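Engineer: Chains W and V, in that order, are what the protein sequence lines are.
The opening position of the first sequence corresponds to residue 14 in the numbering used here, with each subsequent residue numbered one higher.
The opening position of the second sequence corresponds to residue 14 in the numbering used here, with each subsequent residue numbered one higher.
In short, the hints are calculated from the structure, not lab data.
Any given hint could turn out to be false.
Chain V side only, calculated, beta carbon under 8 Å to chain W, not exhaustive [stated by the list, open to error]:
#1 R59
#2 H77
#3 L93
#4 G95
#5 N110
Only a predicted model underlies this, so the values are computations on that prediction, with no experimental measurement involved.
Glycine included, each C-beta is placed from N, C-alpha and C at the ideal position.
So the chains spell out like this:
There are 2 protein chains.
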Amino acid sequence: MSISLTILGCHSATPRTFAHPTSQYLEINNRRFLIDCGEGTQVQLRKYKIKFSAINHIFISHLHGDHFFGLIGLLSTFGLLGRKNDLHVFGPRDLKNIINLQLKASNSWLSFNLIFHELYSDKSELIFDDDKVEVYTIPLEHRVYTNGFLFKEKTGERKLNIEAIKQISEIEICDYQNLKSGKDFTKKDGRVILNKSLTFNPPKSLSYAFCSDTIYKPDITSIIKGVDLLYHEATFLNDRQETAITTKHSTAEEAAKIAKQANVGQLILGHYSSRYNNLDLFKQEAETVFDKVILAKEGKIIKIDNKVPNELFIAHLN
Amino acid sequence: MSISLTILGCHSATPRTFAHPTSQYLEINNRRFLIDCGEGTQVQLRKYKIKFSAINHIFISHLHGDHFFGLIGLLSTFGLLGRKNDLHVFGPRDLKNIINLQLKASNSWLSFNLIFHELYSDKSELIFDDDKVEVYTIPLEHRVYTNGFLFKEKTGERKLNIEAIKQISEIEICDYQNLKSGKDFTKKDGRVILNKSLTFNPPKSLSYAFCSDTIYKPDITSIIKGVDLLYHEATFLNDRQETAITTKHSTAEEAAKIAKQANVGQLILGHYSSRYNNLDLFKQEAETVFDKVILAKEGKIIKIDNKVPNELFIAHLN
Numbered sequence: 014m015s016i017s018l019t020i021l022g023c024h025s026a027t028p029r030t031f032a033h034p035t036s037q038y039l040e041i042n043n044r045r046f047l048i049d050c051g052e053g054t055q056v057q058l059r060k061y062k063i064k065f066s067a068i069n070h071i072f073i074s075h076l077h078g079d080h081f082f083g084l085i086g087l088l089s090t091f092g093l094l095g096r097k098n099d100l101h102v103f104g105p106r107d108l109k110n111i112i113n114l115q116l117k118a119s120n121s122w123l124s125f126n127l128i129f130h131e132l133y134s135d136k137s138e139l140i141f142d143d144d145k146v147e148v149y150t151i152p153l154e155h156r157v158y159t160n161g162f163l164f165k166e167k168t169g170e171r172k173l174n175i176e177a178i179k180q181i182s183e184i185e186i187c188d189y190q191n192l193k194s195g196k197d198f199t200k201k202d203g204r205v206i207l208n209k210s211l212t213f214n215p216p217k218s219l220s221y222a223f224c225s226d227t228i229y230k231p232d233i234t235s236i237i238k239g240v241d242l243l244y245h246e247a248t249f250l251n252d253r254q255e256t257a258i259t260t261k262h263s264t265a266e267e268a269a270k271i272a273k274q275a276n277v278g279q280l281i282l283g284h285y286s287s288r289y290n291n292l293d294l295f296k297q298e299a300e301t302v303f304d305k306v307i308l309a310k311e312g313k314i315i316k317i318d319n320k321v322p323n324e325l326f327i328a329h330l331n
Numbered sequence: 014m015s016i017s018l019t020i021l022g023c024h025s026a027t028p029r030t031f032a033h034p035t036s037q038y039l040e041i042n043n044r045r046f047l048i049d050c051g052e053g054t055q056v057q058l059r060k061y062k063i064k065f066s067a068i069n070h071i072f073i074s075h076l077h078g079d080h081f082f083g084l085i086g087l088l089s090t091f092g093l094l095g096r097k098n099d100l101h102v103f104g105p106r107d108l109k110n111i112i113n114l115q116l117k118a119s120n121s122w123l124s125f126n127l128i129f130h131e132l133y134s135d136k137s138e139l140i141f142d143d144d145k146v147e148v149y150t151i152p153l154e155h156r157v158y159t160n161g162f163l164f165k166e167k168t169g170e171r172k173l174n175i176e177a178i179k180q181i182s183e184i185e186i187c188d189y190q191n192l193k194s195g196k197d198f199t200k201k202d203g204r205v206i207l208n209k210s211l212t213f214n215p216p217k218s219l220s221y222a223f224c225s226d227t228i229y230k231p232d233i234t235s236i237i238k239g240v241d242l243l244y245h246e247a248t249f250l251n252d253r254q255e256t257a258i259t260t261k262h263s264t265a266e267e268a269a270k271i272a273k274q275a276n277v278g279q280l281i282l283g284h285y286s287s288r289y290n291n292l293d294l295f296k297q298e299a300e301t302v303f304d305k306v307i308l309a310k311e312g313k314i315i316k317i318d319n320k321v322p323n324e325l326f327i328a329h330l331n
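Let the hints inform the model, and build the full structure from the sequences given.
Structural biologist: Below, the structure is given as structure tokens:
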């Protein structure tokens with residue numbers, strides 16, 4: 014069980030040659046997700062050698078261009094390449110119309126099923142659920158309807174305590190699956206051996222929360238409490254606190270406050286305004302509040318593993 | 014009077030790191046136009062240092078993604094930057110709905126007037142006309158409604174033949190403008206001096222025709238006859254003639270046939286399919302039919318001047 018997050022773009026507003034808008038590729042517990050899809054995301058996916066076929070679920074936070082203008086191009090490319098797998102897109106209501114209108118105008122018939130999951134609730138809800146991972150919305154507050162997304166590994170099976178099991182000669186290999194799934198063992202004489210004396214707790218489940226774009230919104234901490242990794246937008250520094258309020262964005266300090274209140278493992282900052290050239294200032298400002306801060310950067314891969322969830326592996330692709 | 018054409022992207026279908034879809038920036042007789050706007054065009058404009066403020070007229074040939082998916086991003090960026098000048102967009106009918114739906118969903122109010130000129134005729138028509146330049150549509154045949162565009166410099170004023178004028182002492186400086194505009198000169202004794210004996214022909218007017226995407230369509234030659242520069246799509250080589258017909262594209266040889274039949278000055282090829290790695294093959298194939306062939310390449314600037322219209326200046330931006 015592990016998380017690997019690749020930053021495809023982490024700047025706000027307008028794309029520039031070396032500053033792409035928001036998009037992230039997440040691998041969690043062997044599931045793969047694309048989060049947001051600013052203009053040029055398909056080129057970034059190619060650049061960082063992420064297979065198009067790995068992407069079957071795309072989550073769009075909101076309908077500002079820097080978070081979704083690349084989606085129609087990516088879908089078209091999937092179509093041109095003859096994709097067959099279903100593709101699920103989770104996003105605000107209007108997204109379906111926007112995509113369908115463009116497909117219709119270009120007389121394009123996709124080679125795959127495109128399944129929209131329209132989001133409109135202002136409450137956190139479970140929107141994806143399989144045997145490995147759950148995804149919940151995180152209602153955010155921005156200038157348009159916006160959700161963050163919480164990705165949670167499902168708790169795995171309990172681990173067998175082989176030494177303890179060996180003490181009970183009646184236990185056969187065919188009983189192991191019951192033990193892994195948490196059942197107690199009943200001996201022939203009717204005595205019950207509690208599961209917890211025969212197994213260890215399962216490995217810690219990891220979780221990742223993506224929160225962008227949003228004004229400082231402390232009530233999200235109840236949803237993201239204790240996540241291992243939190244990406245929180247930090248469009249501005251404190252010097253532009255008023256602009257942050259007017260435009261419904263956050264400062265680096267506010268992102269750090271959320272991280273602290275939610276007691277997260279690590280905070281990743283991004284969505285930097287182009288007004289700032291020195292991104293280290295974002296880290297410095299956040300670290301006055303919370304000490305585990307990572308700056309998002311294009312091509313950066315942030316990995317954590319359930320064995321040592323507080324240790325990070327960070328790589329950088331060129 | 015001159016033409017300067019900058020290739021921003023010249024590949025077909027899906028954008029890749031070093032292969033952007035169609036977009037061109039044209040300067041003709043001091044007017045500036047953007048032609049087509051595939052995904053990433055705004056980044057290409059920045060890369061090649063073309064001022065956003067220079068663009069007041071955008072021409073979209075058709076609604077396949079590789080020709081217009083970058084438009085909404087460019088318009089949004091214009092808005093974010095607080096643009097004030099009117100922007101005119103010429104393109105197929107549905108384009109207006111597509112753009113407006115996205116602006117509405119993102120709750121974006123542009124800071125400038127966005128004026129759509131919806132095209133739907135299947136006949137060539139004059140769609141732009143000022144004191145310097147005329148632009149006509151070139152009806153093409155593709156899988157969706159498509160136009161090419163013909164950009165023509167207007168004929169300038171006649172040049173004064175000062176030596177001849179000096180022979181007629183009655184001609185005053187205040188008469189010069191009448192002579193430049195082609196009027197004859199009437200002497201006090203009633204005798205008429207013909208204009209052509211007092212002036213030279215105006216400089217040759219230059220013209221550029223953009224033809225993409227289209228199946229081989231020889232009837233366009235009557236519209237583009239004698240243009241100085243012709244860009245004609247060449248998605249395929251002869252080895253894929255059947256695919257060209259099925260997908261309603263052209264081969265390099267067919268583009269060259271159009272150039273030859275229309276007796277153009279220079280032919281520029283582009284819109285290459287990603288199936289081909291060696292683009293020189295396009296030039297070689299076209300040169301079997303027509304000898305003045307240029308390969309479009311990102312960052313290439315093709316300039317002609319009315320003094321020596323058959324000579325080209327080609328530069329390459331990095």
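Engineer: Hint check: is the beta carbon of L93 of chain V less than 8 Å from a beta carbon of chain W?
Structural biologist: holds (6 Å)
Engineer: Against chain W, is H77 of chain V within 8 Å by beta-carbon distance?
Structural biologist: holds (5 Å)
Engineer: N110 of chain V was flagged as interface toward chain W. Is the shortest Cβ-Cβ separation under 8 Å?
Structural biologist: holds (6 Å)
Engineer: Restraint: R59 of chain V near chain W, CB-CB cut 8 Å. Satisfied or not?
Structural biologist: holds (6 Å)
Engineer: Does the CB of G95 of chain V sit less than 8 Å away from some CB of chain W?
Structural biologist: violated (12 Å)
In summary, the one numbered hint that this structure violates is 4.
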